[in-house]
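Build the full structure now, drawing on both the sequences and the hints.
Everything in the sequence shown is counted per our numbering, starting at 1326 for the first residue and increasing by one.
In case anyone wonders, no lab produced these hints; they're calculated from the structure.
Please note: incorrect hints may appear among the correct ones.
[Said to hold, decoys possible] So the derived label-pair ranges between C-beta atoms look like this:
{"no.": "1", "residue 1": "His-1368", "residue 2": "Tyr-1433", "range": "18 to 26 Å"}
{"no.": "2", "residue 1": "Gln-1454", "residue 2": "Ile-1488", "range": "12 to 20 Å"}
{"no.": "3", "residue 1": "Pro-1446", "residue 2": "Pro-1415", "range": "44 to 52 Å"}
Every value quoted in this text rests on a predicted model; they were computed, and no experiment measured them.
Every residue gets a Cβ at the ideal spot worked out from N, C-alpha and C, and that includes glycine.
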Amino acid sequence: MKTVWEYSPETEAARILHAARQTAVGFYKTKGFAILPYGSALHGKNLVFLPGLPYLSIPRFWEKAARINVDSLPLKIPPRLLKAVISLLPSQSPHLPDKSLVQLWDRYQNQIIDQIYCLIPGRKDWIKQIIIQPTNYGTGASFNLLTKAPGTARIWLRSDQGISAIVESLLTILTRYEVLNHLSGLWSESEIIVDWLSLITQSERFLSEIGAPVVNLDTLKKLPVHTWPARQRQLFRLLVDRSPDLVTFDEIHGRLFAGHPDSFSLYAISKTVQRLRDLLEKNGVSGSFIQTRRREGYLLYS
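What follows is the structure, encoded as C-alpha cells:
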C-alpha cells in the first residue's frame, strides 16, 4: 500500500475552513478544545490552531463556514469561498511534510497496518489507500470514517504531530463508526478507542487461555442453516451477506415476502427475527448478534 502525501494551498485553505466551521457551530467548545493562534508555544491534542487572518474581509465568512458539511472528506467547499481563503494565506503555506516523518512512515507503514489488522481482524483490508494532508492548523489530526470496505483513509495531520497520531487516526477511522452506531457510543466516548481496543485484546487473550469459543462472522457462516425454516434461512443469509451494514425493512420485505405481499407487516418481520434469534441461541450463539436499528431495520453484528 502506498501512502499519498498531499499538500497545496487548496488543502491548507480547506483545513482552515474545516476548523472555522467547527468553531462557528460550537463543536470545539462542547468537546473541550481550546482554540489558539498558530505559533503558540503550547502543544497538545486538545488544542486547535488557527492563523490570525482577516476573516471578516470575506463577506459573511463565519456564516458561510458554518454551512460547510464536514461529515465526509474531502470537503465540498464553494469554489469562491475556497479561493478567497487561499488569497489570505501567509506566504509560508502550505506546510510541506516533514521528510523524516515521511521516510519513517514509508519504512514502517506496512508493519503498522498489519498490526492494526491483527488487533481488529474484522476490518482486515478495509483500507485500500491512505492520503495524508500535512497542515499547520486545526486539531492534531482529523480524518474520515470508513463504514464499508474497501475505502480511502484521509487524514489531516498537524505539523507538531507524528506517527502515533497517524496510527491513532487509522484505528479510529476503522472503529469509530462501530462505536457510534453498533455500541451506541457518544463522540467523546469514541475517543477512548485505543484504550478500548487494548482492553478487547486483553479480553481475547484471557478467553483463549480458558478455552472459550470465538464467535465471529466465520463462525456464523458455519451454522447448519440448511436445517432451518425457509424464511429464517433467507433472513439469516441476507443479514450475513450485508454484515455489518443495515438491512432495511423494505429490503427484508423484498426478500422474504415478495410472493406474499398480504402477509407482510412489521409485526411479521419482528416475529421472523425473534425466531431467528431463537435459532441462534439453540446453536450456541447469542441472539443479540442480530441488532435492531429502530424504525430502520436490522443488522448482524460482526
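Hint check:
no.: 1; hint: His-1368 <-> Tyr-1433: 18 to 26 Å; result: 23 Å, holds
no.: 2; hint: Gln-1454 <-> Ile-1488: 12 to 20 Å; result: 18 Å, holds
no.: 3; hint: Pro-1446 <-> Pro-1415: 44 to 52 Å; result: 45 Å, holds
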